[in-house]
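Asks: Next come the chains, spelled out residue by residue.
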Amino acid sequence: MASTDSELYDGLLAGDKSCLERLYRKYEKLLYSYAYKMTSSHEKSEEVVQDVFMKLWQKKGAYDAAKGKMSTWLITLTRNAVIDLSRRKQLDTFEYDERDDVDNETNPFNSTVEKTAEKHEDQKTIAHAVKSLNDEQQRIVTLFYFKAYSQSQIAAALDLPVGTVKSRLRLALGHLKKNIERSEKGGTHDE
Amino acid sequence: MNNKHSKECEQLIDYYNGQLNRADGEAFEKHLAECPDCQQELAELEALNADLVHGLEQVEPPEDMESRILTNIFDSDTETNEKQTENGDVKPDKKRSGTSNIYKKMMLPLAAALFLSVIGNIYLWSSQEPSDSLSQALVNEEEAVTLQPSAETQDMDAQMAMHEEDGQQTLVLEANNFTNLNEGEVYQVWLMEDEQPYRAGTFVPNENGNGYIVFTLDESADINWDMVAITIEGSPHNDTPQGDIVMSSEF
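Line order of the protein sequences matches chains X and W. By the numbering used here, the letter at position 5 of the first sequence is numbered 5, and the numbering carries on one by one without gaps. By the numbering used here, the letter at position 169 of the second sequence is numbered 360, and the numbering carries on one by one without gaps.
Chain X extracted, bound-state conformation (with noise of 0.2 angstroms):
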């Protein structure tokens, strides 16, 4: 039985209807969650779901495996999509609203996370990494990230004078790597 994600993709490639859909069903979930907290929007996380294994199924782009994780390409796959979406519909797909507040009960990296008990280890050292950065740098990660800002955006949204923005980006991903990468190895956060 082929099972890690390059044989299930070689598979698909080969026409194998059996493979895509085991790698549907592994990452249904989390690319249906990411899409959501890009969209806020059931049904165009559904049309963004299937529009990323639509293009995996018809071999639109290619997958390679020296280049990186399965996981990594689809959540790329994922994030064009919805932008493409957002362009194509023209629709404020990423308006910034309070939810993107870092102090919000709403925050996907907040309060929640420690709420609900089962959430996976990984999950909890993201949300924990993410918690570490201060509230600027939190903020301009989301934004960046999961609103898909142009530079002048983020300028705009957090009152900066454009030509920092990427200085300050720049800042906050370096602590955030750092943070992800210390808690992996089994440390603790210092910030």
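Hints listed in this document are in silico derivations from the structure and should not be mistaken for laboratory results. Since no wrong hints were added, every one of them can be taken at face value.
Capping the alpha-carbon separation at 20 angstroms, the derived lysine to aspartate or glutamate pairs in EDC-like fashion look like this:
id	chain 1	residue 1	chain 2	residue 2
1	X	LYS37	W	GLU237
2	X	LYS166	W	ASP205
3	X	LYS67	W	GLU220
4	X	LYS166	W	GLU201
5	X	LYS37	W	GLU248
6	X	LYS59	W	ASP268
7	X	LYS37	X	ASP51
8	X	LYS17	X	ASP5
9	X	LYS17	W	ASP268
10	X	LYS124	X	GLU184
11	X	LYS67	W	ASP228
12	X	LYS166	W	ASP215
13	X	LYS147	W	GLU237
14	X	LYS17	W	ASP430
15	X	LYS60	X	ASP16
16	X	LYS26	W	ASP255
17	X	LYS17	W	GLU376
18	X	LYS26	W	GLU254
19	X	LYS69	W	GLU237
20	X	LYS69	X	GLU21
21	X	LYS178	W	GLU237
22	X	LYS59	X	ASP5
23	X	LYS166	W	GLU199
24	X	LYS178	W	GLU235
25	X	LYS60	W	GLU220
26	X	LYS60	X	ASP5
27	X	LYS44	X	ASP84
28	X	LYS60	W	ASP268
29	X	LYS60	X	GLU28
30	X	LYS55	X	GLU28
31	X	LYS37	W	GLU251
32	X	LYS59	W	ASP430
33	X	LYS29	W	GLU251
Source: prediction; values computed, not measured.
Since the structure of chain X is provided, determine the placement of chain W on it from the hints.
Replies: Leaving out everything else, chain W in the frame of chain X:
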């Protein structure tokens, strides 16, 4: 994240978020292809994003989403294969741009031909006029061609003819004693010109080994076919012959 960044590298963030207009986006992609720094930074952005996504709260998809999506994907299959036929492996040839229209039109006849096993009266799609039987249609056709079996298919018998009516070409083929098909396989008819294969219908014979095809080609197809062949294919969607030829004939 180093100091060698050119001005173009500044656009990576907006490129990643799909915020560049088409022209800038394409220009950046050219730059990206040649800039290892940007390639690495993009890969890092994607990897960090994937980490974040793994940390998101999971949202339960609708229960019936899986069946909806998979059905839509697999239903698109036939269509996709047709598109690949137009654009893919079969070499694109501008001189024959009219030929590719064959594949747009053939879905209905192809689908019908697939399930055509026993025929009493048939209608030629081109004329919409009934003819008594396929055999008769063939007999009436002066240019009927009898296909020659390859070595292992001595008992097989197939005749075909090309009808032209109202500028539209229709291939009619009758096959008898076609009994060497395994589960899941189909007989695929190909028309060839200069060794370039064109799909011309698929059939699965009935239990007596008899099968028929009526396949309408595009009206603008003015190709001088030089060969017809029947192969056994593992899938009705193969764009090029992959199986053994069981019967063939030159025109």
